[in-house]
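If you want the building blocks of each chain, they are given just below.
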Amino acid sequence: MNTTYLFLELRRSLRSPRFMIFTVGFPVIFYLLFSSMYANSDPDAKTVLMAGMAGFGGLTACVSTGTRIAVERSLGWQRQLRLTPLSPSGYMIAKAICGMVVALGPILLVDVIGLATGVSLNPAQWLQVVLGTWVALIPFAVLGVLIGQVATGDSVQAIGSATFMLLSIGGGLWFPPEQMPGWLRDIAHVLPSYWYGGIGRDVVMHDIDAGTTVLVLVAWTVGLGLVVMRRFRADTARV
Amino acid sequence: MNATPPGAAVGIDGLRKHFGDVRAVDGIDLVIAPGEVVALLGPNGAGKSTTVDMLLGLSKPDSGSVTVFGQAPRDAVRSGTIGAMLQDGALLPDATVGETIALVAALYAKPLPVAKALDRAGVADLVGRRCGKLSGGQRQRVRFALALVSDPDVLVLDEPTVAMDVETRRQFWRAMREYTSTGRTVLFATHYLEEAEEFADRVVLMRAGKVAADGSVAQIRATVSGRTITAVVPGAEVGALRVLPGVRDAEVRAGRITLACVDSDAALRALLTQFPLASDIEITAVGLEDAFLALTAQESA
Numbered sequence: 001m002n003t004t005y006l007f008l009e010l011r012r013s014l015r016s017p018r019f020m021i022f023t024v025g026f027p028v029i030f031y032l033l034f035s036s037m038y039a040n041s042d043p044d045a046k047t048v049l050m051a052g053m054a055g056f057g058g059l060t061a062c063v064s065t066g067t068r069i070a071v072e073r074s075l076g077w078q079r080q081l082r083l084t085p086l087s088p089s090g091y092m093i094a095k096a097i098c099g100m101v102v103a104l105g106p107i108l109l110v111d112v113i114g115l116a117t118g119v120s121l122n123p124a125q126w127l128q129v130v131l132g133t134w135v136a137l138i139p140f141a142v143l144g145v146l147i148g149q150v151a152t153g154d155s156v157q158a159i160g161s162a163t164f165m166l167l168s169i170g171g172g173l174w175f176p177p178e179q180m181p182g183w184l185r186d187i188a189h190v191l192p193s194y195w196y197g198g199i200g201r202d203v204v205m206h207d208i209d210a211g212t213t214v215l216v217l218v219a220w221t222v223g224l225g226l227v228v229m230r231r232f233r234a235d236t237a238r239v
Numbered sequence: 001m002n003a004t005p006p007g008a009a010v011g012i013d014g015l016r017k018h019f020g021d022v023r024a025v026d027g028i029d030l031v032i033a034p035g036e037v038v039a040l041l042g043p044n045g046a047g048k049s050t051t052v053d054m055l056l057g058l059s060k061p062d063s064g065s066v067t068v069f070g071q072a073p074r075d076a077v078r079s080g081t082i083g084a085m086l087q088d089g090a091l092l093p094d095a096t097v098g099e100t101i102a103l104v105a106a107l108y109a110k111p112l113p114v115a116k117a118l119d120r121a122g123v124a125d126l127v128g129r130r131c132g133k134l135s136g137g138q139r140q141r142v143r144f145a146l147a148l149v150s151d152p153d154v155l156v157l158d159e160p161t162v163a164m165d166v167e168t169r170r171q172f173w174r175a176m177r178e179y180t181s182t183g184r185t186v187l188f189a190t191h192y193l194e195e196a197e198e199f200a201d202r203v204v205l206m207r208a209g210k211v212a213a214d215g216s217v218a219q220i221r222a223t224v225s226g227r228t229i230t231a232v233v234p235g236a237e238v239g240a241l242r243v244l245p246g247v248r249d250a251e252v253r254a255g256r257i258t259l260a261c262v263d264s265d266a267a268l269r270a271l272l273t274q275f276p277l278a279s280d281i282e283i284t285a286v287g288l289e290d291a292f293l294a295l296t297a298q299e300s301a
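Here the protein sequences come in this chain order: A and B. FYI, in the numbering used here the residues of the first sequence are 1 to 239. FYI, in the numbering used here the residues of the second sequence are 1 to 301.
Warning: the hint list may mix true and false statements.
Some residues of chain B that are not near chain A, with every Cβ distance over 12 angstroms (derived) [claimed, not checked]:
| # | residue |
| --- | --- |
| 1 | Ser-63 |
| 2 | Ala-102 |
| 3 | Ser-135 |
Partial selection, computed: residues in chain B whose CB lies under 8 angstroms from chain A [what the hints assert, rightly or not]:
| # | residue |
| --- | --- |
| 4 | Leu-56 |
| 5 | Leu-58 |
| 6 | Arg-78 |
| 7 | Ala-84 |
| 8 | Ala-95 |
Here chain A is said to cover these stretches of chain B; the calculated rule only asks that three of the stretch's residues, wherever they fall, bring their Cβ under 8 angstroms from a Cβ of chain A [to be verified]:
| # | segment |
| --- | --- |
| 9 | 5–12 |
| 10 | 106–117 |
Derived from the structure by calculation, the hints contain no laboratory data. Remember, it's a predicted structure, so these values are computed and weren't measured experimentally. Ideal Cβ placement from N, Cα and C applies to all residues, glycine included.
Turn these sequences into a full structure, and let the hints steer you where they fit.
Written as structure tokens, this is what we have:
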């Protein structure tokens, strides 16, 4: 992938107010708010909250990729790019990579603030919370691309926001799954975000099933990837 | 079978494309030599944009072939051999002009330096401006810079000056002239006849998906120039009028005939001989605009 191109894409992402508010602002504010409200004297709850909000920010960054794709498509920018050597698939891969790189921002920021506000983990646990969470974002990066393919410029804000909120709450990033009603917990298990969030929660809960987690996330990646490719072929055949 | 001679900048051979029942492009053959500046004229729906889309590999022909310096359109786009400025291409409102050009330049193996592309398109002073804050004419010139950034040998422009005011349009064509003086090939679609007249070596007129006329501006004018005779001729039939000497086309409407003539003197003599009752006769010169309309009008009856 072309680094100049990627760099310029990144710069544009970082400049957008939406990115600053939803992807960076909300996770940080909610972490500070919730941890002072009901996790002040409970280091474990604070850790879970930190991991959850970092995960929320990362997930939002990846899903928001879709917003940008749909908006750029409705503008006609993708048509402009079709007059360049960049292939439509290259464009989407660049967007997905961009989403992944941008996602590092809220993950690192929330975790650093967590560290500063008393979250204490050993290096291996930090690695799991930061790197594990980040790598597990891959299916959500693919999901972002899919949203960009199917949504229109008008609908994508609503679709994107609904997706990252439902995935975050349903997957236990806002409230630990243990606090969910039973029926919601059953639904949560089907969501990729439940397993994604589990990677961070595990440093406190010690309940991760590594094999299942990897299997579920890979399955989602492959499944979503196939839909993206199918959709992509239909799109290019039409024009 | 491909009839395109080797070395042609653009070779279009038996090109066809339909959308449902509409034959948007209905059998086009066209060879453009390197260095030619060709204007593509025609009314809306004549198939200009569809042809341009296929030339750029944005859409696939139903049959026939398109080559750009021997390459398939998509390959020519990828290698930067062909550059284009289309009507509906957009810019990112949140990116600056400089960023936009740099972004697209980064996609090519051997791009022009960004400053040079900006300079050639006459937008060097806009480098730090957000694209969302540009006027229509400025936007067009930035898109021209985007088309130039790959340093293409063939440049395709679809209605390039449509959003420009008179002064901007002049600047644009000045920049274009500089570009074409280096021996590049240009194909531009336009509605402005005077642009075709002034800047094109050659005019290709399209009508209903076909090439209606193809030649230098002077040749095109010659085929359609001449005069129009109108008169009231009782009982005249189109068939009889069409075969009069000097008449290219004839029309009868509400008892009044209209003869498009290549030689109005001969036509008038013959008309008066065969239809002595002809009255209320007027002879008018055909402007380029009328000529254009005559050439591109749908075949009547």
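Minimum Cβ distance from Leu-56 (chain B) to chain A below 8 angstroms? 6 angstroms, holds
Status of the Arg-78 (chain B) interface restraint (C-beta, 8 angstroms, chain A): For Arg-78 (chain B), the interface hint holds, since the closest Cβ of chain A sits about 4 angstroms away, which is under 8 angstroms.
Given hint Ala-95 (chain B) near chain A, where the shortest CB pair must fall under 8 angstroms: 6 angstroms, holds
Check the non-interface label on Ala-102 (chain B): least C-beta distance to chain A beyond 12 angstroms or not. Not fine: 6 angstroms to the nearest Cβ puts Ala-102 (chain B) too close to chain A.
Evaluate the condition: distance from the CB of Ser-135 (chain B) to the nearest CB of chain A exceeds 12 angstroms. Ser-135 (chain B) clear of chain A: closest Cβ-Cβ about 17 angstroms, beyond 12 angstroms.
Taking a Cβ-to-Cβ distance below 8 angstroms as contact, does the segment 5–12 of chain B have at least three residues touching chain A? violated (count 0)
Just want to verify: Ser-63 (chain B) was marked as not at the interface with chain A; is every Cβ pair farther apart than 12 angstroms? 17 angstroms, holds
Given hint Leu-58 (chain B) near chain A, where the shortest CB pair must fall under 8 angstroms: 6 angstroms, holds
For the segment 106–117 of chain B, count the residues whose Cβ lies under 8 angstroms from any Cβ of chain A; is that count three or more? holds (count 4)
Does the CB of Ala-84 (chain B) sit less than 8 angstroms away from some CB of chain A? Holds. Min distance 5 angstroms.
Hints 2, 9, counting from the list given before, are not met by this structure.
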